[in-house]
Amino acid sequence: MAPPPPANDGLTKNERIFYDIACKQENGVTAEQLMELIPGIVAEDVANMVNKLSRRSMIEMCQLGGGLAYRGIKSEEQTKLSILTQDEQMVYRQIKESGNEGIWIRTIQKLTNLHQQVVSRCIKSLESKSLIKSVKSIKNPVKKLYMLIDVKPSQALTGGPWYTDQDLDVEFIDTLAQQIYKFIYSKSYPRHLPDAVFTAQHTAYPTTSQIRRYVMDNQISTVELDNKHIQELLDMLTFDGKIEPIVSSINMEGWGGRVGGGADNDDDDDDGDVGGDKTYKAIKLQQADSPLTDIPCGRCPISEFCSENGHISPSKCHYYQKWLQF
Amino acid sequence: MAEARYQLCRHIISNQFGEVVETVCSLMVKLGRIPLRSIVRESGLTPKKVFDVLVTLIQHGMITHAESIEGGNTVAYYSPNLHEILRRARIGIYLKVLHDRLDPDGFKVANLVLQNGVMTAKQIKRSMGITAAQKKKLAQLQKSILTMVRERILIAVQPKDLLTKSDRLISEEKDMKSKESLIITANKLKEIRRQAREKLDYEYDDSAIVGMASRVKRKATGDVGSSDLFQDDLYNPSKMHIAGDSSDVVEDDAFFRLNFDKLDVLLRNQQIIQYFARKINTGASAVMKHILRLTEEKVKSCRETSSNRITANQIVHSVPADIPLKDTMVMDFEETGNRETRHIEYVHAYIELLGGDPSGILAKRDERGSGEYQVDFQKAFETLRNKYVDTFIQEHFGSVATRITRVLRAKNKLEEKQVAQFAMLPVGVCRSHLLKLFNLGLVDLHEVAKSSDRFPARTLYFWYINYEKQLDSMLSIAYKQMANLYIRLGYEKSSRSRLLAKMEREDVKLDPSLLGPSEVKAIEEYNKITQILEASLIRIELVVLTLRDSLVSKYS
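Each protein sequence line maps, in turn, to chains A and B. Under the UniProt record's numbering, the first sequence has 149 at position 149, and the numbering climbs by one with no breaks. Under the UniProt record's numbering, the second sequence has 276 at position 276, and the numbering climbs by one with no breaks.
FYI, nobody ran anything at the bench for these hints, they're computed from the structure. Here the structure is a predicted model, which means the values were calculated and not measured. Watch out, some of these pointers could steer you wrong.
Straight-line C-alpha distance at most 25 Å; calculated SDA-like pairs for lysine to any residue [claimed, not checked]: (1) A:LYS278 - B:GLN421; (2) A:LYS284 - B:SER494; (3) A:LYS284 - B:TYR275; (4) B:LYS436 - A:ASP240; (5) A:LYS284 - B:SER518; (6) B:LYS326 - A:ASP167; (7) A:LYS284 - B:SER359; (8) A:LYS316 - B:ALA457; (9) A:LYS322 - B:SER494; (10) A:LYS316 - B:LYS493; (11) A:LYS316 - B:ALA535; (12) A:LYS143 - B:ALA457; (13) A:LYS182 - B:ILE58; (14) B:LYS417 - A:GLN286; (15) B:LYS436 - A:LYS278; (16) B:LYS364 - A:ALA204; (17) B:LYS417 - A:ASP165; (18) B:LYS289 - A:PRO194; (19) B:LYS493 - A:GLU308; (20) B:LYS30 - A:SER313.
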């Protein structure tokens, strides 16, 4: 809540009450509510108070349902706004409204009905005063979005932990995926018998929460990751054919009925996401050998032009010659 | 695709039957259904030569013929059976399967039948030089042939085998129409066609084995399928018998051929076993091998989508106790009981493990008899197909492209951005890989226009896998590569023709020292090269087996 303005701010008692109520109400207060809350005032008094307070940038007007509401402006905000021109204040308010999603210059122009040049000038001025910043969205890297300087852009804009400077950090993803695969592999096969497997009832396969805990505890990632992020990596590893989800689940009494409940089921960080906590098993990676790419034709860059009696043919092929002499 | 297939057919025939047969056969592959006079005109060969070639090809089941009355004359049309021609590239693998499965006599019989196309039991005995006086040898041979017939490795050739499926359908339809006394309405015609198709399917499903007689009594199977079509005494339904009767003997006059459909099943099963050996371990593959062995009897061809149901108890009893399962699985509980009990526990554990595999190849259907299982061949086909496609893409384009393919397989139709999101890749990288895959026909694009003008900016582009197109592309690549291997084989042979001719000389065969050191070296090199090329051919053919012949709907 905003600290009360100094006593010698030149406000009457009713104006002070009005300001306090407007600051307390998040969605602002309407004229009717004011007349109920402050005894003895009429609509004309409310109008006078609104004029005075808005002139001093102590309240702002906003739409509430069908009518107008008045919202109090915090004192630090007032200081900021006091140094701004009327146009800059309008632009600033629109940017503030956009929150952590940011707002495009064209949208500001449309909402404020200001000329493009005016909006551009205001934005330049606000940037120079370090009140706003520009960010780029991963969805549309060309488009500049504006938000208040102290606001952290939303994940939809930054792309979450997988993005560094608006670019997908493939190296980071691959390193993390590699470590996760190693962890799952270590839990998927008995160490003393490398060619052996566990039975179908084996319950110590790692779950999403356990994998997350492993990543965070071992500081493999400095970025904070939640189960959803780990799940994305696990899905990627599944698409890579490195791991597979365990299909059958065992509901064991006293194990919380959790899908594929692991041995150390005392996780305190699975935030109750029992239903989505899948169990994974590593697949032993085999050397990919495709009969179709073993022979030179499988990798030949000019195979399209190859024919029996053509200039390029298997009989005269140098790649074949090399392959057969290998 | 068509061109690649045509070229491969040419090379297979040329490699196995020589140039004259290749000339006629490639002509038929190119032109399709064709009468004798046209073959003679187009090939430039003498009518007698063409006729001999046709007899050879019919003998080996590579062409079918149908007669039609045109202007009062009966004209015979010959059409190539592409499926059978392409399958001949697999002969080497068939021989290996037969060698592993049959006793020495059986293998000799299989070789003989393979060389001649079709043979009677009498001809087989004569060719092997076994007379009635050699009772022991004769009994052994008869037993081998009987086993092969019972296991459907040898099947009797029937007149219907010389016709194409469509000819058989037309003939059946014609017969049914002639029985109708009233005018045939559109609905009636539809019904007739349905019945004709059903009749052919019934013939396929019928478990009777043709070509076997009983010493004790003759048991009709109640087959109605072929009674009207075929009047020949030899193929009369009254001579058909259920397999497995101990008193059965093979009829001396019945013609038999190797049942490639059954051999394909055995090859397909081997691939399933190898899949589990690579994915899980040798223990799982050993158990799977016995599961498949239990289903083999009822599975006639790769067209069947699933096996008969077998219980866990049956599987347990079929897995021999000497298979070392103990070292391949870690139990979650302490082992108790004697060796036999422990073995049973391990087999049960493996059955459960195989049943829980995400591929879904072994599916549990019921709890009866410690669990009733069924092998899902459709799932097996999909798994093997995906494996071959994925390894090809991985080797050709890298692991990123494989990931993209798997994303599309799992999620179906997706926009470029969505693909990138699931694959955790930058959109640009994703796009370039999708285009590469698209150019090879491995992924496809579905356009959904948002406005009627179909303006590109207002159109959604969804990537997806068109499985039929993907298979066609893969087969096209495989056919082209096989044709190239055949060309290279031919080149290697022709470039050493003089040396090979010298090798064939009787005096050189008797005294190899007549060959100089450089010639010996050249022969060794030639043998090595042909071995490499033939091994590659076999490996590609196994891919083709999965992609083309394990497909349930399209190619069968």
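Right, here's what the structure says about each hint:
1. A:LYS278 - B:GLN421: holds, 20 Å
2. A:LYS284 - B:SER494: violated, 45 Å
3. A:LYS284 - B:TYR275: holds, 12 Å
4. B:LYS436 - A:ASP240: Cα-Cα ~18 Å, so holds.
5. A:LYS284 - B:SER518: Status violated; Cα separation ~47 Å.
6. B:LYS326 - A:ASP167: violated, 51 Å
7. A:LYS284 - B:SER359: OK: LYS284 of chain A and SER359 of chain B at ~15 Å, within 25 Å.
8. A:LYS316 - B:ALA457: Not OK: LYS316 of chain A and ALA457 of chain B at ~48 Å, beyond 25 Å, violated.
9. A:LYS322 - B:SER494: holds, 19 Å
10. A:LYS316 - B:LYS493: holds, 14 Å
11. A:LYS316 - B:ALA535: Holds - the C-alpha atoms of ALA535 of chain B and LYS316 of chain A are around 21 Å apart, at most 25 Å.
12. A:LYS143 - B:ALA457: holds, 18 Å
13. A:LYS182 - B:ILE58: Status violated; Cα separation ~58 Å.
14. B:LYS417 - A:GLN286: Outside the cut-off at roughly 30 Å; violated.
15. B:LYS436 - A:LYS278: Between LYS436 of chain B and LYS278 of chain A the Cα gap is close to 34 Å, so the pair fails against 25 Å, i.e. violated.
16. B:LYS364 - A:ALA204: Holds: LYS364 of chain B and ALA204 of chain A sit about 24 Å apart, inside 25 Å.
17. B:LYS417 - A:ASP165: holds, 19 Å
18. B:LYS289 - A:PRO194: Holds. LYS289 of chain B to PRO194 of chain A sits at ~22 Å (cutoff 25 Å).
19. B:LYS493 - A:GLU308: holds, 15 Å
20. B:LYS30 - A:SER313: Holds, at about 22 Å.
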